[in-house]
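Engineer: Below, each chain spelled out in residue letters.
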Amino acid sequence: MTKRAAYVGAPVGREDAVDKVTGASRYTHDLAFPGMLHAAIGTSPHASARIVSVDTDEAERMPGVRVVLIGETLCYQLGLYMQDKCILARRVVRYQGEPVVAVAADTLRQAEDACRAVPITYEPMDGVFDPRVAMDYGAPLVHPDLHTYAHMDGVFFPKPHSNIAHHQKVRKGDFDAAWAAAAVTLKSAFYNPPVQHVPMETHATIAQAMPNKRVELWTSSQSPYTVRHLMSVAFGLPHASVRVHVPSVGGGFGGKAGLNLEPLAYVLSKAAGGRPVKVVATREQEFNTLPSRQGLHSTIGIGAAEDGRIVAFKATYVWDAGAYADYGVNIGRAAAYSGAGPYAIDNCWIDSYVVYTNKVFGTAYRGFGHLEVLWGVERAMDQMARKLGLDPVAFRRKNLLRPGTTTITGERVTEGHGSPEQCVDAAADAIEWGTTVQPTSPGRVRGKGIAALHKAPAMPTFTSCAAVIKLDEDGAADVLISGVDYGQGTYTVLRQIAADELGIPIEKVHVTWECDTAFSPYDWQTVASRFAYMGGNAVIEAAADCLRQIRNVAAQALSADVSEIECENETAFVRGEPVRSIAYADLALGYTYRNGNSIGGPVIGHGRFIATGLTHLDPNTGQGLPAQYWTYGAQAVEIEVDTGTGEIEIVRIATAIDAGKVLNPKLCVGQVVGGVLQGLGSALWEGFSFDSNGRLLNPSFVDYKIPTAKDVPTETKQILLENPQPGGPYGARGVAEHPMISVPSAIGNALYDALGIEFDTLPLTRERVLLALRAAGTGKHKR
Amino acid sequence: MRCGRSGCLAGRPRSPMIDTEENPFARLRRTGFTSERTAVFEYVRPNTVEDACRALAEGGGGARILAGGTDLLVEIRNRLRMPNLLIDIKRVPVLNVVETDSSGTLSIGAAVSLGCVMETAAIRDRYPGLAQAAGSIATYQLRNRATVAGNLCNASPAADMAPILLALSARLLARSPAGEREIPMTQFFTGVKQTCLTADEMVCRVIVPPHSEGLRTAFVKQQRIRGHDLAIVNAAGAYDPGSGVLCVAIGSCAPTPVLLEPVDVHESRGTDAADTVIDRAGAATAPISDVRASAEYRRAVLPVLLTRLLDELLGEEGRR
Amino acid sequence: MTYAIRLTVNGHVETADVPASMTLLELLRERLHLTGTKEGCGIGECGACTVLLDGKPVTSCLVLAVEVDGCTVETIEGEASDGELSTLQQAFVDGGAIQCGFCTPGMIMSARALLRRNPDPSDKEIVEAIAGNLCRCTGYEAIVAAIRTAAERQRGTGGGSHD
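Quick mapping for you: the protein sequence lines, in order, are chains G, Y and W.
Going by the working numbering, the first residue of the first sequence is number 7, and it counts up by one from there.
Going by the working numbering, the first residue of the second sequence is number 5, and it counts up by one from there.
Going by the working numbering, the first residue of the third sequence is number 2, and it counts up by one from there.
These aren't lab readings, by the way, just hints derived from the structure by calculation.
A hint or two may mislead.
Said to hold, decoys possible - To give an idea of the chain G side of the interface with chain W (calculated C-beta under 8 Å), a few residues:
1) Arg20
2) Gly29
3) Tyr33
4) Asp36
5) Pro40
6) Tyr197
7) Pro205
8) Gly257
9) Gly495
10) Gly676
11) Val682
12) Thr714
13) Thr720
14) Thr722
15) Ala778
The model shown is predicted, which means the values in this text are computed figures rather than measured ones.
Note that beta-carbon positions come from the ideal geometry of N, C-alpha and C, so glycine has one too.
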């Protein structure tokens, strides 16, 4: 049967849009249950301190207060990959903003008042705030008991009695020899500060502790099954005893990928005798208490031959994990195996250290370390190009991965990988690389920059996804899946795929909106740009399963052979004889003959996809196959700098991504436009500021600025290439994170072009630019 | 010209006002509150300036005027200020008035919003710098609530309404049980978030004295982002081409907004005028480093802003 | 101490007894159970709580319930009419201007007020009207385009009955 594609590839609209545009969508923020209590959290004012005493007596007596909890009573150890975290700080606090006390009360105000009525005595200790200092012998230890923590053996390697949560290595070829033999070498250092996801809906969870050691959760999460699993592990509950609902989610960007407020909500509910408890982060807590994106210090060395080929690459990545490792160790790992950019490099040496500091901790963030790494790599690539006297585009074309080359973990690149070169060319063309335009007025300077990007889903080798499709009485189809659509639109893509695969008009195909681990089949997590890929494949298989059931029944009913049955347009019919047909509606719940005999039954198909062929990485060399697929891209930008104030105007920015297959152009473009602006935030404005005591100075929108409608670039272009991905649904690859990844590096490169000044630190604020111009003495304008 | 709320409550049940049987202030003084708790305060909504003044005086330092609330309610939420009474002046008709009298004096009532200022043709045409300053503040939503008087009384060193009103020699009419007084803008700010108002005094209106027909005004503001932001540096100027007098005021570079000594442009000529202004600005300001910007950046960008301000004000004259 | 207030919300008269410290946002969400209006920051910076107060967009987190006694409030729940999406809502749906949806109610309210006061806004005017509504997902381009489309459609049909 040929695969029809009426919907896949079309700009089908979202089914959830109507609920969202009328205010009918229910986010965790909006839910309320009878008897529900409201929780407030009290946090530590110190970055590093011993908790000397906590007095909850007064708080417990305050009106409306039902529960007051502190860390001492909660002996649970939590963590995704490293079990290094408590629900509430116990004995010590490790970052300013860390939750120390929690109260559940009848009203939120009562809970907040009670939190503030808990006197806590601290004994401040020395903290460490720079991960490079934290790595040194003799630095204060954030986790003196690191060696006792359970962790994912064989994948992560914490160094006992240190602040190093993980050390990932890549050793390919013979770096030392190649470096020594290189004609041209350079070494540069770069820095990214921590930033925050800033979802418009802050973290929120409602938990209800049920009798018999069960718990039911409603939570703003990207990963219901991960929440279930980690709750199960943390509290020693069977998985089936933990039920997770995910209603509408108001943005995640990785911050809601793991376990956040759920354990706290649960223990509060348990202590409240099973009353539901709602915990909602204030915006300040979202910045200061909930996790961020790790900061990164990079040192990069590149050695090249005379002809411009890179012969040696070395990088040291020192990740600022903050107080807890969370996803940080996996980011350190992923960044290492991706850490040389999309280039063919025979001799590569990478050390990626994930280091504890006494600051708010890092978690997954769109790009999973790749924006941070490529800030350094792509800037260094431009520097090497210049040192060689080569045009940055030409230099990249000489070195990009192409079929026949191998990645730094030894993976052989094929046609099916997609084309970084086409992406670079497309992005360069889109901004008319090589031509110059006069600035709009005196005192303004123009520049162009380009940067390549790549990313594979950073996921365990056993990552899987399952989908169930059930038919309704009228022949409509419902898809059950527990990846989460938190705005990226994947459910719409899955509807399109299901509709095409099943041969049902899309108006009659639905993806059940809210996930429930009791009903929706397993999905690993909605991260890593892998949901459309894996969910799409699972849906294809589930649809095939439905069709098998349909054809079996239809064959009997139509007195034909199964092989003669075609399925199209909600109808099963005998090939060549469309009159001999049965509507899906007539067999969706089984088929009944005229005499009453019934055959078949409810049509329910299931499909699944598990990551195939992935291997663990060798702990010493990092060699292996970590990537299900790579998505390549490039971003090119033309800027105009106001040399009086340091303001950078983005005249135009082009993003080219090899999507494999654009499943839905409207949604895909939406991801690119949104991702580019979020990348612009990281590039120009965003970054945490800490004082010398590790206190966060900008935990609110007043001083943490994200782009508004006024900050949109003058012109943006999205170029979506389609070199098919073998194994991808309709040839598609993931594209969700990629649009962010090289925005900062492209702009950094453009700044050099405009001003002749090297920028190594983000964000590229007006202040940073202007003061650099002044220091350089008007700055050279290189042409 | 009238601008603002309908204030029409005829026939509708009114909220309990100040004259209940027990004086709420007495009750609050007795029960007390701690700065730790969520705000507990009472609310009154007088219809006359007299009632508002009386409520303020009887509040004994614990009462605050509520106009737009865009600063005050944030401070209350963040527990930086814990008043026990809010006096909502938005339905005092006379405080909602924007008018120019026969002498050319512009009067902006204390409850007049920034949005209203921007939409008032008389202000847009006569004092574009004033409308520019109002339009630079926050967002469209906040400008529908925030007031000119509130921006001044909040007394941030970065107050965006301050430089232009200083440059225009504005005055504030303040009222207390003791009577009324006019406070020149130059005396109003006494420190970071501090004004010369006494605890029982409220601003009733901002008064801009008459200026010549050809007066030019402009406002400049340096932000971190094009979206809404506080001023890293701001400045405003009023220039009378007829007399050649140029008044410039600067904000966010000192504990209070600063009015520079007027410059006679005719005497010093265009480009010299810019240099004079920049020199005076350097002497009169002392920028600090904070989470928003470093002192170095403020010092670097101030002359740039002033040059652009003067370009706009002096036009051709400035390029001689 | 509580205060008796009376206001009109989406055409219905509502009464409540509220403490002075209750915000309009809390009144809408907690008392009137109109959860379409969202809290994003509580300090007026993000616009997620935008409603129309006597026709003007305001951030309801910085308006006290007692202040709106006698006033008219419009929220997202009042935008559609008899289950029919308004032109503006339909344009958002058609134009891919919605991703996670959390900023959407506030955006629609800001846009609604814009189109009432200016039926033919330039892109610059659209941007100014929604600059106080933060969105982290869409990058704003599709939102601006949807508002432009809604304006065109409204002008084309002479405006809907409730537009």
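Engineer: All hints, please: hold or fail.
Structural biologist: Outcome of the hint check:
no. : hint   : in the structure
1   : Arg20  : holds, 7 Å
2   : Gly29  : holds, 2 Å
3   : Tyr33  : holds, 7 Å
4   : Asp36  : holds, 4 Å
5   : Pro40  : violated, 14 Å
6   : Tyr197 : violated, 24 Å
7   : Pro205 : holds, 6 Å
8   : Gly257 : holds, 4 Å
9   : Gly495 : holds, 7 Å
10  : Gly676 : holds, 5 Å
11  : Val682 : holds, 6 Å
12  : Thr714 : holds, 5 Å
13  : Thr720 : violated, 11 Å
14  : Thr722 : holds, 7 Å
15  : Ala778 : violated, 28 Å
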